[in-house]
Structure formats: C-alpha cells, structure tokens
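Colleague: Sequence:
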Amino acid sequence: MEGHSYSSQGQAQHLGTKLNKMLQNVVEMFDDNKLCIYKVPQKFRQSNPEAYTPGVVSIGPYHKPCDSNGKNKTLKRMEKYKLEYLQKFFERDPQLNEEELFQILIDKEEPIRSSYAEPINCSNNDFLTMILVDACFIIEHFLRCCYTGQDSTGRDPLLLEKLWMEIDVHSDLTLLENQIPFFVLEEIFNFAAKRGMNLGVIAMVE
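In this text, residue positions in the sequence shown follow the working numbering: the first is 1, and each later residue adds one.
Calculated from the structure, these hints are not laboratory results. One or more of the hints may lead you astray.
What the hints assert, rightly or not - The following label-pair restraints were derived from C-beta to C-beta distances: (1) Thr17 to Asp93: 22 to 32 Å; (2) Tyr38 to Gln103: 26 to 36 Å; (3) Lys64 to Ser8: 46 to 56 Å; (4) Gln103 to Lys64: 18 to 28 Å.
Stated by the list, open to error - No more than 20 Å apart at the CA atoms, straight line, and that leaves these computed lysine to any residue pairs for SDA-like: (5) Lys73 to Phe90; (6) Lys64 to Glu91; (7) Lys80 to Lys18; (8) Lys80 to Leu173; (9) Lys64 to Phe182; (10) Lys76 to Met130; (11) Lys73 to Lys88; (12) Lys64 to Leu128; (13) Lys64 to Cys122; (14) Lys194 to Ser114; (15) Lys108 to Gln179; (16) Lys80 to Glu98; (17) Lys73 to Glu50; (18) Lys39 to Lys18; (19) Lys82 to Asn178; (20) Lys64 to Leu83; (21) Lys194 to Leu143; (22) Lys82 to Leu185; (23) Lys18 to Ser8; (24) Lys76 to Ser8; (25) Lys82 to Ser114; (26) Lys76 to Phe127; (27) Lys88 to Glu98; (28) Lys21 to Ser114.
Using N, Cα and C, we set each Cβ at its ideal position, and we do this for glycine too.
Full structure from sequences and hints, please.
Modeller: Here is the structure:
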C-alpha cells in the first residue's frame with residue numbers, strides 16, 4: 001500500500017507540474033496587455049465578408065495573397081507595389097541597409113507575434129520579411145501623402161493615376177484584421193529619423 005501511495009503521490013505531483021505549465025502558457029497566450037490585433041467573429045463575417053476583407057493590399061499575416069487558381073490576384077499584384085515602396089524608402093538613405101532593420105524586428109519578434117489573437121503559422125524568416133515589407137510600405141505611403149512641397153496634393157504620387165486604388169488602399173489600411181502592431185512602425189520610423197533620413201515630417205502621429 002505504501003508503494004502504491006508513493007506512486008500515486010508522485011504521479012499527482014507530475015501531473016500537477018505539467019498542468020501548471022499548461023496554465024502558464026494559456027496566460028501568456030491571452031494576455032490582454034499584449035493582444036491588439038483580433039479577428040472578426042465569424043457570425044459578423046458571414047453576413048458581409050467583403051466588409052472585413054482587404055480588396056487591394058494585405059497587411060500582416062491574416063490575409064496573405066493566395067497562389068491557387070488566381071485567388072486574391074489583386075492582393076498578390078499589390079505585393080510588387082509594396083516592394084517598389086520598400087525600395088523608395090531605402091532610397092531616402094542610401095546608407096541604410098536591410099540588416100539594420102531586420103535586427104530591430106528580430107529583437108521584437110516575440111511581442112510582434114503576441115500582438116495577434118490568432119497563432120501565426122509562419123516561419124521566422126518569412127514572418128519578419130513580411131512585417132518589414134508591410135511596415136516600410138505603410139510609412140513610405142504616408143510620407144508621400146504628407147509631402148509638403150509646392151506640388152503636394154496630399155495624395156500618393158505612385159497612385160495618382162489610379163484614384164480607385166488609392167481609395168481602396170486607405171480603406172484596407174483601416175480594417176481590423178489588416179494590421180501590424182503600431183510599435184513596429186514607430187521603431188522603424190524613429191530609427192530612420194535618428195539617422196537623419198529625409199522623412200519630410202517630424203514624428204509619427206501620437
């Protein structure tokens with residue numbers, strides 16, 4: 001009986017320790033202080049899916065372009081535009097290199113992933129590349145919209161010939177699921193500003 005009691009006690013201790021670790025992970029997963037980018041409840045999405053889905057540009061991991069059967073072809077086409085914006089952003093400071101910005105994101109990967117309410121099934125490299133491209137696209141786009149030169153129109157010059165696209169881009173950037181954490185934009189913008197990059201504006205919107 002003593003041996004059985006000891007065995008049961010040891011098993012209970014083992015299971016208790018294992019369950020405690022599981023509970024710790026649950027706390028981290030649902031920490032409201034970390035979560036800021038949620039998915040729309042399915043009952044709302046079913047009634048009007050287009051209202052919650054980007055039509056032109058995908059930002060973040062929830063709505064990445066699909067390759068199958070031409071699905072989300074417009075989103076995929078916009079990926080090329082985003083690379084052009086990334087190139088324009090780097091042209092503001094020829095001395096800035098990709099490694100410096102990637103290092104910022106590598107140091108922040110855990111809080112970036114923790115900002116999303118849903119698990120992100122994406123490799124580290126693909127995830128960080130996506131975040132960098134999307135962040136630089138957003139910053140470069142708004143820098144162009146905020147340009148205060150004599151020929152300023154308050155619109156993005158790269159989209160001037162496609163008014164419908166500019167309107168849709170602005171609409172997509174406000175969608176709940178189509179986001180990256182704001183602190184990522186702050187980190188990259190402030191890093192570039194400290195280097196003296198020609199940003200055209202003084203600081204990110206507070």
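Colleague: The structure should be examined with respect to each hint, and the outcome stated for every one.
Modeller: We went through each hint and held it up to the structure:
1. Thr17 to Asp93: 22 to 32 Å: Hint violated: Cβ distance 52 Å, outside 22 to 32 Å.
2. Tyr38 to Gln103: 26 to 36 Å: Holds, since Tyr38 and Gln103 (Cβ atoms, about 29 Å apart) stay within the stated range.
3. Lys64 to Ser8: 46 to 56 Å: 50 Å, holds
4. Gln103 to Lys64: 18 to 28 Å: Given a distance of about 24 Å, which is inside 18 to 28 Å, the answer is holds.
5. Lys73 to Phe90: Status violated; Cα separation ~27 Å.
6. Lys64 to Glu91: Violated - the C-alpha atoms of Glu91 and Lys64 are around 26 Å apart, more than 20 Å.
7. Lys80 to Lys18: 47 Å, violated
8. Lys80 to Leu173: 17 Å, holds
9. Lys64 to Phe182: Given pair Lys64, Phe182 holds - Cα atoms ~19 Å apart, limit 20 Å.
10. Lys76 to Met130: Holds - the C-alpha atoms of Met130 and Lys76 are around 13 Å apart, at most 20 Å.
11. Lys73 to Lys88: Distance ~24 Å between Lys73 and Lys88 Cα, so the pair is violated.
12. Lys64 to Leu128: OK: Lys64 and Leu128 at ~14 Å, within 20 Å.
13. Lys64 to Cys122: Holds, because 11 Å separates the two Cα atoms, which is no more than 20 Å.
14. Lys194 to Ser114: Cα-Cα ~27 Å, so violated.
15. Lys108 to Gln179: 16 Å, holds
16. Lys80 to Glu98: Since the Cα atoms of Lys80 and Glu98 sit roughly 18 Å apart, the hinted pair holds (cutoff 20 Å).
17. Lys73 to Glu50: Measuring from Cα to Cα gives roughly 15 Å; hence the hint holds.
18. Lys39 to Lys18: 30 Å, violated
19. Lys82 to Asn178: Given pair Lys82, Asn178 holds - Cα atoms ~15 Å apart, limit 20 Å.
20. Lys64 to Leu83: With Cα atoms ~15 Å apart, Lys64 and Leu83 stay inside 20 Å; holds.
21. Lys194 to Leu143: Status holds; Cα separation ~16 Å.
22. Lys82 to Leu185: 15 Å, holds
23. Lys18 to Ser8: With a Cα-Cα distance of about 15 Å, the restraint between Lys18 and Ser8 holds, given a limit of 20 Å.
24. Lys76 to Ser8: 58 Å, violated
25. Lys82 to Ser114: Measuring from Cα to Cα gives roughly 24 Å; hence the hint is violated.
26. Lys76 to Phe127: Measuring from Cα to Cα gives roughly 17 Å; hence the hint holds.
27. Lys88 to Glu98: 13 Å, holds
28. Lys21 to Ser114: Distance of about 18 Å is within 20 Å: holds.
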